[in-house]
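S.K.: Fit chain B to the known structure of chain A by using the hints.
2 protein chains.
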Amino acid sequence: MFEFKIRKKAKNTLARSGVFTTPHGEIKTPVFMPVGTKGSVKTLSNQDLKNLGAQIILANTYHLYLRPGEKTVKKMGGLHKWINTPLPILTDSGGFQVFSLGTEKGHSQNKEFKTTVKIDDNGVMFTSYLDGSKHYFTPEKAMQIQHDLGADIIMAFDECAPANSSKEYFKSAMTKTHNWLIRCKKEHERLETIRRKGIYEDDEALRVLQHFPQALFGIVQGGLHKNLRKQSAQFVNAQNLPGNAIGGLSVGESKKQMFKMIEVSIPHLDENKPRYLMGVGTPEDLLECVNRGIDMFDCVHPTRMSRHGSFWTQEGRFAIKNEIFKTDSKPLQKNCQCECCKNYSRSYIRHLFIENEILGLRLLTIHNLHFLLNLMAQIREKIEKGTFKKFKNDFLRRFTKSGRKKIRS
Amino acid sequence: MFEFKIRKKAKNTLARSGVFTTPHGEIKTPVFMPVGTKGSVKTLSNQDLKNLGAQIILANTYHLYLRPGEKTVKKMGGLHKWINTPLPILTDSGGFQVFSLGTEKGHSQNKEFKTTVKIDDNGVMFTSYLDGSKHYFTPEKAMQIQHDLGADIIMAFDECAPANSSKEYFKSAMTKTHNWLIRCKKEHERLETIRRKGIYEDDEALRVLQHFPQALFGIVQGGLHKNLRKQSAQFVNAQNLPGNAIGGLSVGESKKQMFKMIEVSIPHLDENKPRYLMGVGTPEDLLECVNRGIDMFDCVHPTRMSRHGSFWTQEGRFAIKNEIFKTDSKPLQKNCQCECCKNYSRSYIRHLFIENEILGLRLLTIHNLHFLLNLMAQIREKIEKGTFKKFKNDFLRRFTKSGRKKIRS
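So the protein lines, in turn, are chains A and B. Just so you know, we're using my numbering here: the first sequence kicks off at 72 and counts up by one. Just so you know, we're using my numbering here: the second sequence kicks off at 72 and counts up by one.
Hints may contain errors.
[To be verified] Pairs of lysine-lysine, DSS-like flavour, derived with a Cα cap of 27 angstroms:
#, chain 1, residue 1, chain 2, residue 2
1, A, Lys397, B, Lys401
2, A, Lys152, A, Lys142
3, B, Lys401, A, Lys113
4, B, Lys297, A, Lys405
5, B, Lys297, B, Lys344
6, A, Lys461, A, Lys99
Note that these hints are calculated values from the structure, not bench results. This one's a predicted model, so the numbers in the text were calculated from it and none came from an experiment.
Just chain A, with the same shape it has in the complex:
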C-alpha cells in the first residue's frame, strides 16, 4: 500500500508519470485533486465526479472539524462512507485554514467577533470563523481528527507563514513545522497501531474505518528563502514518509519566486515518492510545476472561478456574462467532451448566469474541471510519449497569448 511507481521520466525536464496506490485505488500522476472543502466538491455529485474521471478528491480538516465535527463523521463510518465516494480522499491538516481564516483578513469582517490566532511551540489557539469559539490544535490533535475522518492521505500539521514574513519568522515557522512533523509522525504511528488492533469492532460503522490504513505526508516550508527551503526539504525527506508536500507557496509571492522555491526543494525530495504542491491549480502553473517535478496538485481555483462565471478554453480564460456570448450557439470549447459542452450553448449558459440559475454554476464547474483533468491526462500521455516539453510550450503559447484577447471557437 502507498507505493509509488514511476512509469516514465520525461527528457530534458523533471516531469515524470507514475502510479500511487491507495486503499481506495490507484492514482495516475501527475494528478489534479478537486477540492471538496466541506465534504462536497461544490455543485457536483459523486456521479459528476465519476463522469469527470476525477481520481482523488480533497477535503478540509478545519471545516469538517468545526461542522459536523470529526466524531460525527467517524460515527457515520468515516468520510468515504458518509459522502459516499469510492475515490481516494486526501485531508489537509487544518493548518492552512487555522492561519488564513484566523487573521483579520479572514471571514471575521462581517461578523460581530474578531477571529484570532495565537501560536506557541505546542500548537495553535484559534477562533472559529463560524462563531468565534476558541479551539486549540496541536500536531497530535490534527492527527486524531484526520484519523477519525479516515482519508487515504493525511497531512502533517504545519505553520504556513504569510508571504511577507521576515526571514527570521520564516525560519522559526519552519523549525516549528519540523518539530511538529516529528510529533505528527509519532501520533500517526500510535493511531495506526490502534487501528490495526481493531478497537472499532464493536460498531458496524466504525469497523469500516479499520480496514483502511492512512498515509502521512510531510510538508516542506521555509518561505521564500532558498537555504530554508533546501534545509526543510532535507528534513522532511529524512522522515521517510510515503509522500512529501511543498506548502506555503501560491500565497502572494511572484511566479518566479514560487518556481525558484520548487526548484531548490525538488532535488532533496526522494524521487521515488510522490511530490505534492499544495494550493496550486491554474493550467499554466500545472504545466510549469509538472515540468519541475511535481506529481500532485490541489486548488479551489477551478471550482471557485466557475461559480464566478469564468471558463477556460484552449485560448485562455473568459467571462461567460460577456455580451458577445448572448446569441452564441457554440459550446464553451469546440470539441470538448464534457457534459456541459455536449449539451449547452454559450448563449444558454450565459443566460443561466445572468439569471443566477444554479444549473449554470454546476455546468461551468463541470467544464472547468474537465478542462483541467483532461489537461492532466494529456500531460501524462505526453510524458509517456516523450513529447511533454513540446506539448507544454504549444499549450502555453496558445493559452496565454491569444487568450483574453479574442475568442475564436
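M.R.: Positioned in the frame of chain A, the structure of chain B alone reads:
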C-alpha cells in the same frame, strides 16, 4: 396533433387517465409539469429531468420576455433548441406574473422603484420587476411572444384577480378574460397560418420552429363565485380549443373553496379535452384534484420547498436541517429509487444544507420531484387498475396523519 385520448375512467370519481399528443411526444395524464421559470427547472440539468421521467416542463413568458427577450430565444431556434430539451414545453401567457409581480407585494420592496400594473380593456401596462421599465401586454402581444418562444402548449392572456376581490371585480376580470380569449384565438390562428407558410425558411435556426404547431389553451376565471365559474367554463369550452385550463385558484382561498370552484367548472369542460389546473402542486391537492377530473398540473412548490430544505416522505413533509437527522444514515425515504436516496444519507444531506452547499439544493429537488412524479405515475396506474379511490384514501391517511409528528423510515 394535440389529440387527447382517454384511456380509462375511474369509478365513483371523475379521475381519468389519458394521453395527450404534442409535437414533442406523448404525455400520459394525469401529469405534473415541473416549472422552469426562466428556461431552467431550478438546479436540474436536462439529464436530471430525463432520469426523473419528467414528461413536459413549463416556462414563463413574463420572465423570458424580459430576459433574454423572446427575439433572442427565437434567434436561437426557439425554447426547445436553446435549452436543449427533447420534452414538450408549456408556456404561460405572462398574465399571472404581470399581476402578481406588479403589485406592491411583489419584488418591488427592496428596489428603488415601485412596480405598478394598470389594466384597461385592451391590455395591461406594467413595470418590470427587474428595472422598473414600462411594458404593455395585450392578448395579441402574449400570443406573439409565445409563438417566438415556440412551446408546444401556449396559454391565453387572462386577468387573474386576487382572492379578496369583490364579486363585481371578479366578474369584470372574467369578462375581460373572455374577450381577450377571443382575441388570443384570432391572433394565434393568424400566427399559425404564417408559420405554416414557412416564412422562416431563410434562417436555419428559425426553420426549426416552423415544423412545430402550437396548441392554445383557454383559461377559466370567475374568482370564488360558483355562477361566474360556471359561466366562464361554458364560455371557454365553447371556443373549442385543444385544452382547457382553470386559473385564479390556489391564490389565497381555502381548500374547500378551491375544490368547490373546480367542481362547478368541470362539468362544463369537454371531457375529451385535457383539463389543466394552474399553479397547484402538493401531493394532497394533486390527489384531490385528479379525483375531481383534472389532468394537468404545474407548481413551483416542489422545487421551491426543496431549495428551502423541505422534503416529502410517505409520512408527510419534513425539514432536513432538523437535528434528529444529524447522524441518520437512512435515505430520505426508504426504498425510494431517486438518485438522491440511492446515494446519500439524511445525515450528509443535512450537512450540505447546514453548510449552504449547492449540491444539497439539487439533491432535495431531485427527491421531491421524483416523489411527485412517482405519485402521478402511481395515480395513473391505480386509475387503470380501478383502485384509484382506495389508493388516494390510503395515501392521504398516512401522509397527513402521521406526517409532521413522527418519522419512521
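S.K.: Which earlier hints turn out false for this structure, listed by number in ascending order?
M.R.: 1, 4
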